[in-house]
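Student: Based on the provided sequences and hints, a complete structural model is requested.
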Amino acid sequence: MDRTERKVMIRLSGVEKEYRLGQIGSGTLHRDLQSWWARRQGREDPNSRIGQAARVEGDRLLALRGIDLTVYEGECLGIIGGNGAGKSTLLKLISRVTAPTRGSLDLYGRVTSMLEVGTGFHGEMTGLENIYLNGAILGMNTREIREVLEEIIDFSEVRDFIDTPVKRYSSGMYVKLGFSVAAHLKSEIVIMDEVLAVGDMAFQKKCIDRMLHAAHEENRTVLYVSHNMNTVRQLCDRCIVLDQGRIIYDGDTEEAIRYYSEYLERERGLQRDLRDYIRRDRNLTGICRVEEAGADNNEVRIGEDLCFRIGLRCRENRDNVRLRLLVCNSQGTIVGMTFSEPCRVREGYNRLQCAFSTEPLAAGAYICDIVVCEFEKNIQIRHDFVSKVLAFRINENEMYFGQPWTVRNWGNVRLSPVRIDAAEEGDDA
Amino acid sequence: MNENKGYHIHITAEESPMTRNLREVWEYRDLIRLLTERSFKLIYKQTILGPIWILLNPLLTSGIYTAVFGEMAGLSTAGVPKFLFYFCSHTLWTFFADCLSKNSSTFITNANVFGKVYFPRLTIPISTMLSAFIQFLIQMAMVSVILIWHVVRGEVHPDWRLFPLLIPVLLLTGLLGLGLGILISSITTKYRDLRYLVSFGLHLWMYITPVIYPVSQFSGGLIRKILLLNPMTALMELFRMALLGTGYLEPASLASTLVFTLLAVWGGVKIFNRVERTFIDTV
Numbered sequence: 057m058d059r060t061e062r063k064v065m066i067r068l069s070g071v072e073k074e075y076r077l078g079q080i081g082s083g084t085l086h087r088d089l090q091s092w093w094a095r096r097q098g099r100e101d102p103n104s105r106i107g108q109a110a111r112v113e114g115d116r117l118l119a120l121r122g123i124d125l126t127v128y129e130g131e132c133l134g135i136i137g138g139n140g141a142g143k144s145t146l147l148k149l150i151s152r153v154t155a156p157t158r159g160s161l162d163l164y165g166r167v168t169s170m171l172e173v174g175t176g177f178h179g180e181m182t183g184l185e186n187i188y189l190n191g192a193i194l195g196m197n198t199r200e201i202r203e204v205l206e207e208i209i210d211f212s213e214v215r216d217f218i219d220t221p222v223k224r225y226s227s228g229m230y231v232k233l234g235f236s237v238a239a240h241l242k243s244e245i246v247i248m249d250e251v252l253a254v255g256d257m258a259f260q261k262k263c264i265d266r267m268l269h270a271a272h273e274e275n276r277t278v279l280y281v282s283h284n285m286n287t288v289r290q291l292c293d294r295c296i297v298l299d300q301g302r303i304i305y306d307g308d309t310e311e312a313i314r315y316y317s318e319y320l321e322r323e324r325g326l327q328r329d330l331r332d333y334i335r336r337d338r339n340l341t342g343i344c345r346v347e348e349a350g351a352d353n354n355e356v357r358i359g360e361d362l363c364f365r366i367g368l369r370c371r372e373n374r375d376n377v378r379l380r381l382l383v384c385n386s387q388g389t390i391v392g393m394t395f396s397e398p399c400r401v402r403e404g405y406n407r408l409q410c411a412f413s414t415e416p417l418a419a420g421a422y423i424c425d426i427v428v429c430e431f432e433k434n435i436q437i438r439h440d441f442v443s444k445v446l447a448f449r450i451n452e453n454e455m456y457f458g459q460p461w462t463v464r465n466w467g468n469v470r471l472s473p474v475r476i477d478a479a480e481e482g483d484d485a
Numbered sequence: 070m071n072e073n074k075g076y077h078i079h080i081t082a083e084e085s086p087m088t089r090n091l092r093e094v095w096e097y098r099d100l101i102r103l104l105t106e107r108s109f110k111l112i113y114k115q116t117i118l119g120p121i122w123i124l125l126n127p128l129l130t131s132g133i134y135t136a137v138f139g140e141m142a143g144l145s146t147a148g149v150p151k152f153l154f155y156f157c158s159h160t161l162w163t164f165f166a167d168c169l170s171k172n173s174s175t176f177i178t179n180a181n182v183f184g185k186v187y188f189p190r191l192t193i194p195i196s197t198m199l200s201a202f203i204q205f206l207i208q209m210a211m212v213s214v215i216l217i218w219h220v221v222r223g224e225v226h227p228d229w230r231l232f233p234l235l236i237p238v239l240l241l242t243g244l245l246g247l248g249l250g251i252l253i254s255s256i257t258t259k260y261r262d263l264r265y266l267v268s269f270g271l272h273l274w275m276y277i278t279p280v281i282y283p284v285s286q287f288s289g290g291l292i293r294k295i296l297l298l299n300p301m302t303a304l305m306e307l308f309r310m311a312l313l314g315t316g317y318l319e320p321a322s323l324a325s326t327l328v329f330t331l332l333a334v335w336g337g338v339k340i341f342n343r344v345e346r347t348f349i350d351t352v
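First to last, the protein sequences are chains F and E. So the number in the working numbering is just where the residue sits in the first sequence, counting from 1, plus 56. So the number in the working numbering is just where the residue sits in the second sequence, counting from 1, plus 69.
Keep in mind the hints are simulated off the structure, nothing from the lab. C-beta atoms are modelled at their ideal positions from N, C-alpha and C, and glycine is treated no differently. Treat the hints with care, as some may be off.
[Claimed, not checked] Quick list of in silico lysine to aspartate or glutamate cross-link-like pairs, EDC-like style, CA-CA up to 20 Å:
| hint | chain 1 | residue 1 | chain 2 | residue 2 |
| --- | --- | --- | --- | --- |
| 1 | F | K242 | F | D265 |
| 2 | E | K114 | F | E180 |
| 3 | F | K242 | E | D350 |
| 4 | F | K262 | F | E274 |
| 5 | F | K262 | F | D293 |
| 6 | E | K110 | F | E180 |
| 7 | F | K242 | E | E96 |
| 8 | F | K242 | E | E93 |
[Stated by the list, open to error] Which bits of chain E does chain F cover? Going by a derived footprint, with three or more residues having C-beta under 8 Å, they are:
| hint | region |
| --- | --- |
| 9 | 124-136 |
| 10 | 183-191 |
| 11 | 212-219 |
Tutor: As structure tokens, this is what we get:
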């Protein structure tokens with residue numbers, strides 16, 4: 057069907073959402089009065105951050121920066137983007153949990169939001185009681201819930217426990233019941249934020265089928281946010297990519313996913329400025345700090361060396377500084393670790409040109425944590441720790457003993473081959 | 070473009086009209102009913118005596134009042150048997166105090182649900198008021214039993230024609246508690262200080278309300294002026310007038326009640342509506 061002839065269900069025009077950062081205005085009455093009094097007297101506000109006295113109103117974050125979006129009836133729209141791109145804020149606005157700072161939203165149907173499964177469930181109440189209450193919170197009246205009650209219970213697979221308080225449910229049962237209620241409501245617009253991530257594979261499949269049915273047979277509009285590209289692929293026929301509060305791509309799902317992953321690699325890619333990078337580890341000496349890290353070329357062939365440069369700023373001369381790399385796969389699981397030789401660094405800025413062999417790694421995307429450390433007997437002193445900063449990809453162009461390597465079944469590490477020391481012919485045992 | 074006929078909401082940065090909000094509250098009336106049921110089911114979960122506490126609580130309190138204020142301090146109860154007087158006053162005061170204190174934390178205690186799903190937020194305070202009212206009705210059954218016993222013995226002489234007065238008295242009490250409660254809950258999203266003031270403030274308020282003494286105790290002076298300005302005074306006196314046949318009412322006092330209640334409800338709903346839109350960003 058031509059898009060222009062389809063019913064509009066959601067329209068956003070120029071939507072912006074601003075959040076206030078830090079402590080301003082969000083403290084106690086006492087501090088607000090103090091600030092107000094200081095401003096009246098023409099003095100500096102004692103509660104503004106140091107160095108920002110002139111712009112008390114300035115600490116703001118634009119989570120969404122002018123979103124224009126139209127979603128049609130029966131459409132399954134995927135929303136992807138990195139952390140902090142504004143996905144959840146967008147869903148919160150459409151589900152009316154919070155209001156926009158500027159711009160307007162038009163909704164042409166009732167909205168069921170699954171920003172969380174089982175919102176408002178109360179542990180002391182039975183499954184059945186919770187179905188009614190959760191349904192009512194999501195906007196259905198008792199009669200409407202009664203009509204679909206049997207379907208909900210069947211779908212949830214917890215019929216035997218429906219009169220048991222949900223505090224005795226396993227987390228899987230809890231989620232199944234929560235999803236079932238939301239999925240069977242008669243609203244025209246359904247919003248889901250990463251809810252399919254929970255529950256077992258079989259149930260996940262059932263949920264996706266249910267949502268596809270909702271969109272294609274019942275002509276409902278589905279908005280789905282996820283980091284799991286497989287479920288986005290299965291469910292969505294249109295996809296938008298968000299970055300820093302803007303829509304940077306809108307169109308076909310496959311294209312959007314490709315656009316997003318290329319974009320990610322570009323972002324993480326070659327050179328990175330790490331001066332303002334936030335360190336999670338609190339026990340760092342800070343004597344040497346990584347200020348830059350980047351691969352010369354972040355695509356290598358299997359078995360090739362990965363060459364990269366590190367910029368280190370040091371407060372004093374050290375003779376035995378080592379680099380340590382923690383290599384993680386695309387799921388974030390650590391697959392291995394390696395140290396560098398000890399190296400001498402001088403006070404000031406040091407450039408290190410490094411390389412390490414990717415020989416044992418199977419094809420795929422990887423990202424490394426970089427640690428700068430020193431050994432003192434068997435104690436390791438850490439000067440700096442920056443996580444997930446050096447990304448690279450190993451391209452698949454070699455068979456392993458004539459077999460294609462499947463990471464899912466075989467893992468990321470290609471161990472050295474098994475040696476057969478003796479092979480003798482003989483009878484059983 | 071062919072747009073969906075019928076359902077349409079337009080959301081902007083500006084406040085949404087009050088009429089739409091109130092219409093939505095009506096559409097969610099089943100939710101109000103279910104929430105009221107829930108709070109009632111959950112009140113005394115995992116206690117041995119269960120719902121008996123609803124009666125035991127005021128019985129014990131009234132007993133203590135009788136001993137401390139009635140016998141030891143010797144306060145007057147305008148000729149009404151002391152226990153009945155205290156029980157009666159305490160029941161109405163509890164209804165008011167529950168409405169106020171439970172609603173004053175609406176936003177903070179429900180932040181989790183409010184952050185995940187939209188529904189008219191006013192449904193929560195309304196259901197809180199209703200469940201406080203049901204508790205009140207149960208306690209009133211007990212009040213009636215004691216009252217009838219005293220009437221049979223000829224110790225109190227209520228005027229049955231004044232009974233209908235109870236309806237406006239209860240309505241005003243509930244609304245005053247609700248209005249002040251949601252007003253406080255809206256302000257506490259920004260200033261947590263108020264939360265600590267609520268229980269203390271209510272305690273203080275009880276002593277400047279004729280709960281443990283009748284207004285007739287004071288014939289003049291500053292205390293009487295304060296008493297007459299207090300919006301709960303007229304309600305308390307009217308309540309006892311209808312039930313026990315003794316009470317004192319001054320037009321100024323009644324006017325204070327009406328003005329105060331109207332302001333609290335209007336201001337409360339208005340500010341509540343404004344805060345509910347974006348409170349989740351600051352809470």
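Student: Does each hint fit the structure? Answer for all of them.
Tutor: Hints versus structure:
Our distance criterion of 20 Å between C-alpha atoms is met by K242 of chain F and D265 of chain F, whose separation comes to about 17 Å. Restraint check for K114 of chain E and E180 of chain F: satisfied, since their Cα atoms lie roughly 8 Å apart, inside the 20 Å limit. Proximity of K242 of chain F to D350 of chain E is assessed by CA-CA distance (about 29 Å); at most 20 Å being required, the pair is judged violated. For the given pair, K262 of chain F sits about 16 Å from E274 of chain F by alpha-carbon distance, which is consistent with the 20 Å threshold.
For the proposed pair K262 of chain F and D293 of chain F, the alpha carbon gap of about 18 Å is at most 20 Å, so the pair holds. For the proposed pair K110 of chain E and E180 of chain F, the alpha carbon gap of about 9 Å is at most 20 Å, so the pair holds. At roughly 15 Å between alpha-carbon atoms, K242 of chain F and E96 of chain E fall within 20 Å of each other, so this suggested pair holds. At roughly 17 Å between alpha-carbon atoms, K242 of chain F and E93 of chain E fall within 20 Å of each other, so this suggested pair holds.
With a threshold of 8 Å between beta carbons, the proposed coverage of the region 124-136 of chain E by chain F is violated, since 0 of its residues qualify and at least three are required. For the region 183-191 of chain E, the stated coverage by chain F is satisfied: 6 residues place a CB nearer than 8 Å to a CB of that chain, which reaches the threshold of 3. For the region 212-219 of chain E, the stated coverage by chain F is not satisfied: 0 residues place a CB nearer than 8 Å to a CB of that chain, which falls below the threshold of 3.
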